[in-house]
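> Each chain is listed here by its residues.
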Amino acid sequence: MTVEIPEDLRYTEDHEWLRLEGEEGIVGITAYAAGELGDVVFVELPAVGTALEKSQSFGVIESVKTASDLYSPLAGEVVAVNERLAEHPELVNDDPYGEGWMVRLKLADPSAVDDLQAAADYSRLVEAG
Amino acid sequence: MAYSPHTPADRGRMREALGIDTVDALFDDIPARVRANGLDLPEPLSELEVARQLQGLAERNRTGVTSFLGAGAYRHHIPAAVDAVLSRGEFYTAYTPYQPEISQGTLQTIYEFQSLIAELTGLDVVSASHYDGAAAMAEAALMTVRATRRNRVLASRAIHRHFLDTARTYFAGGEMTLEELPTAADGTTDLGALERELASSDEPVAGVLMGQPNAFGLLEPMAEAARQAHDAGALFVAVVEPVSLAVLAPPAEYGADICVGEGQPLGIGLQYGGPYLGLLAARPDLVRQVPGRLVGRTTDVEGRRAYVMTLRAREQDIRRDKAASNICTNQALCALAATVYLATLGPHGLRDVAALGAARARELEQALAAIGVERVHSMAYLNEFAIRVPDAQAVHARLLERGVLAGLPLARWYPEDEQLRDALLVCATEVTSAVDIGHFAEALREELP
Amino acid sequence: MTAVGPAAARPGDPAAEEVGEPGAVAKGAEQDVWAALGRRYAVGPSLQPTLDELSRPGRSSHKVPHAPPDALAGVPAEHRRREPLALPELSEPDVIRHFVNLSQLNYSVDGGFYPLGSCTMKFNPKVNEWAARLPGFAALHPLAPDALAQGTLELMWELERWLAEISGMAAVTLQPAAGAHGELTGILMIRAYHHARGDTDRREVIVPDTSHGTNPATASMAGFRTVTVRSAADGGVDLEALKAALGPRTAAVMLTNPSTLGLFETRIEGLLDAVHEAGALAYMDGANMNAVLGKFRPGQAGFDVMHFNTHKTFSTPHGGGGPGAGPVAVGPALVPFLPGPRVVREEDRSLRLERPGERPHSIGRVRSYQGSVGVLVRAYAYLLAHGGSGLVQVSEDAVLAANYLRRRVGEAYELPYEQACKHEFVASARQLKARSGVRMLDVAKRLIDKGFHPPTIYFPLIVDEGMLVEPTETEPLETLDAFAEALLEIAAEAEADPELLRQAPHEAPVRRLDEATAARQPDLRWRPMTGAQTPCPD
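Chains as they are written, first to last, in my numbering: chain U, 1 to 129; chain F, 130 to 578; chain R, 579 to 1116.
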């Protein structure tokens, strides 16, 4: 089974991805994670303005049978959340790297993105698990 | 052997398949020092002997007294249809409906229960049940803390004493506090005190809890209290008696965010305290904070309407240490009793039950006034009120010897309250007869100085 | 997402002609359902309208007399309902037929085998039902003076003695309404115990990774942080991992024995020693007591507190989800903290409830009244029927049947643990999934077509594609054999025709449900009824 893992993103061990846009990072969960969860029914997101540390939980994603915490890949402040997920949680399954994005962070240290996994490393993680 | 079908031949076959001589081999892994050698308990009994023993115990209870005791558990006529349905093995020996394809009976009745309680309360999200009214109230208090992220809960002292005690026990485990609001001299909650507590800004309030009717049987100014709570950003929790909702304003109408109560009056026998039925209903936007099971309607792959437990991620088996509550086994069969009760009585029947209780209570009040026994309070009540009787506890005991259970001496619940020292809390329901009332008044008249 | 009512229009409404909204059934299918539902009452399993759909204006049953017109004269208008109460209007025949037909859609113990691991779905004896309905028990008010309640108080007193003997503990409370309620009671007592000794820093509760979800949920409710320790390869708690997690912040360790894998904790002595050396207390989740009655007494072995599930071990019926009861037994150290009021025996042999303040260290009440007495009457009747020797036989038969079934199921499914099981065992479909793509979920759904309720699946969490099977002692051998054969057939079907399993069940009243929509667009109540259709007689 091939799981999509875009080259231009960075990844965490907890199956989040981050897309760097200048000083900001957009965060979501990977196609692999969405597949493991099954049909997503609800995503609990933080309030705009919330300050997050690296690896701090920022919300919860629920499917029919499970619930998982969401962890921030890097430290930053939440400047936007994807409000469409409230009415359309299935976007996380259908388009995890696009319309299924979750939060946009103003990063405390954009250069720290290099500490995150590249696509190739994450790909090995997925194959091992 | 009481209920096992296994014969010695069956056991032999199973042992043979396992290659063991005795069943002891299967218990060999229990370390010797912790192994028990049987139980020091009586010998087995036949069904005849079991029945005889239980009959004997049941007969040692005295349930034939003329009772005016309510105080949170009420005698009502339970239509025979309720037990006819509850006795069906398909309902009472079914498991929790985790496999919805073969549990549609249970699931649909829970959906109907949720809908009926939603009609009664006006609050659309109804939990499939809690252990009893006290546990439901404790859970609701915890809900207000979760939903507002504040730690302070205010509850009127005129809520059932045991509900308050239970909530205190539940609150012992955390950072939350539960404070009692005083009552005014008229027996209703002191709204001035509520206002003062809500105004103190260093400890914002998560929830305000009040009973309707309250523990003295009196009707409270719920709308005003709800308004005050909301102005301070707190949630308002109504603690209600469900039969009264046939005639009293539903909690949603006066601004309750959450409503809880004891569902025992809805077709469940007194049973010395349980199993009962904890009711909990909430506004739809609080659904993710609601503890307990929820059943939803959906469709199957062939488009049939079907029911399933839903929003399960709130529950303990999925959320574990982050679950809204640890509740697993609930009071499902008691909820079924309530469903059959409400279906059988219908809107007019339930209204008659509530209104007859009110009518009998007024007759009781008049009969007692005629012998010089007055109410403690003067505010309006539905079917329960407190009377003042000198030396109440002693009179209560003597009335019991005459076969009258004259309610509850309130000094038991409020030992420091001068006003209630000589108070008896009495109630009437649709099963209270004019003969009962006459008997009570006559006996009391003879016991008074 | 705020809507909790039906998105689809009710059949017969003009709006039923509209194109379906999200979650609505396709128009044609809904009308087919309505045709099947509304035109006749079918005998046998059939879908039913809801009570509001059966309602007809003017239908009623005369259950109580009519109230006089001025009945509510004393209730001020501001407290009265403005809109009349809207509930379904039905006659008694409607009601009975509705619920009887719904009952036919249910699987139940009275009707079939439920090999649900961790649930102990044994037969529910009928004399217990008779006993609980005796008017002397059923009509007794919870606040009745003690003199009126001597029968029930005697039953409670005796039941406490029996449970103390079975558990090897000093005393028992009958208050908790369920196992989870008992867990909360026990953990709150442990908290009170530590606080009474001035030890307020113990904020953690340790549970194994195989624990039932109620254990960590209970710890959280009681204000503790949960620390999870892994199991060893043999399925038991890893003693070294436990020792590493134990410390001055540990209040309690919650263990299940036999474990949720159905295996006896052979290192139990070492585990309990480690717990006590760290100054913590040991809680036992008694869900699996059906395996060890008379063979292992937790109090005697060193546990400080445990709960029973009467709806598991002692046959009280599951009722579609409850009610049960969760009595808690404690060793001497925790007796002062038991919830109150307890039953007390006076010198003249009469019984009474404790008075407020009589036992100052009690944690207080955990519910409105003394216990789910109706359930406890059933449990007591069960114990009387079995006696001590009968209870030992129960465990021996339960364990023998489980091992027998395990051997048979092992012919086609992986058995992850070699140790002989107790009353339940785990099997895995991991290899089956690798060979055929079929998952344990599909095996479970196919069992429904074979006439069986599926076992517990995906619990405990540490078993991949796992099922937990518990036959209990009340199933005849032929049922055990039939169940094993059904599982073997399914394993063969998985290889030959995996799609058949993935689409299962085929034979149930409804097939696989759209649970995603149920969670995304919750429909938790019927559309609000808009007022009674007929005026009140007065």
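Everything labelled a hint here was simulated from the structure, so no lab data went into it. Ideal placement from N, C-alpha and C gives every residue a C-beta, glycine not left out. Mixed in with the good hints, there may be bad ones.
Below, a list of computed lysine-lysine pairs in the DSBU-like style, where the Cα atoms sit at most 35 Å apart [as the list claims (entries may be wrong)]:
1. U:K106 <-> U:K54
2. R:K1011 <-> U:K65
3. U:K54 <-> F:K451
4. R:K704 <-> F:K451
5. U:K54 <-> R:K1028
6. R:K1011 <-> R:K1028
Example chain U residues on the side facing chain F (calculated, C-beta under 10 Å, incomplete) [what the hints assert, rightly or not]:
7. F42
8. V60
9. E62
10. S63
11. V64
12. K65
13. D114
Non-contacting residues of chain U with respect to chain F, defined by C-beta distances greater than 12 Å in every case (computed) [what the hints assert, rightly or not]:
14. E44
15. E53
16. Q56
17. I61
18. A67
19. S68
20. D69
21. E83
22. E87
23. D94
24. E99
25. D115
26. A118
27. A119
> Taking the minimum C-beta separation from A119 of chain U to chain F, is that value above 12 Å?
holds, 30 Å
> Any Cβ of chain F at or closer than 12 Å to S68 of chain U, or is the non-interface label fine?
violated, 9 Å
> Does K451 of chain F sit within 35 Å of K54 of chain U, going by the straight-line distance between their CA atoms?
Measuring from Cα to Cα gives roughly 21 Å; hence the hint holds.
> Does the alpha-carbon distance linking K1011 of chain R and K65 of chain U stay inside the 35 Å limit?
At roughly 20 Å apart (the allowed maximum being 35 Å), K65 of chain U and K1011 of chain R satisfy the hint.
> Given the hint that K54 of chain U pairs with K1028 of chain R, does the C-alpha gap stay at or below 35 Å?
violated, 51 Å
> Regarding the assertion that A67 of chain U does not contact chain F, is the least Cβ-Cβ distance greater than 12 Å?
Nearest chain F Cβ is 4 Å from A67 of chain U, so the label is violated.
> Run the distance test for K704 of chain R versus K451 of chain F: straight-line Cα separation, threshold 35 Å.
Violated, at about 39 Å.
> Is the shortest C-beta separation between V64 of chain U and chain F less than 10 Å?
Since the shortest Cβ distance to chain F is 7 Å, the answer is holds.
> Using Cβ atoms and 12 Å as the threshold, tell me whether E83 of chain U really stays out of contact range of chain F.
It holds; E83 of chain U is separated from chain F by about 16 Å at its closest Cβ, greater than 12 Å.
> For the restraint on S63 of chain U, tell me whether the closest CB of chain F is nearer than 10 Å.
At about 8 Å, which falls below the 10 Å cut-off, the nearest Cβ of chain F leaves the hint on S63 of chain U intact, so it holds.
> Per the stated criterion, does the least C-beta distance between D115 of chain U and chain F lie above 12 Å, as a non-interface residue requires?
holds, 28 Å
> Please verify that hint: D114 of chain U, Cβ, nearest Cβ of chain F, below 10 Å or not.
At 33 Å from the nearest chain F Cβ, D114 of chain U fails the 10 Å test, so the hint is violated.
Hint compliance for this structure: hints 4, 5, 13, 14, 17, 18, 19 and 20 are not met, and every other hint is.
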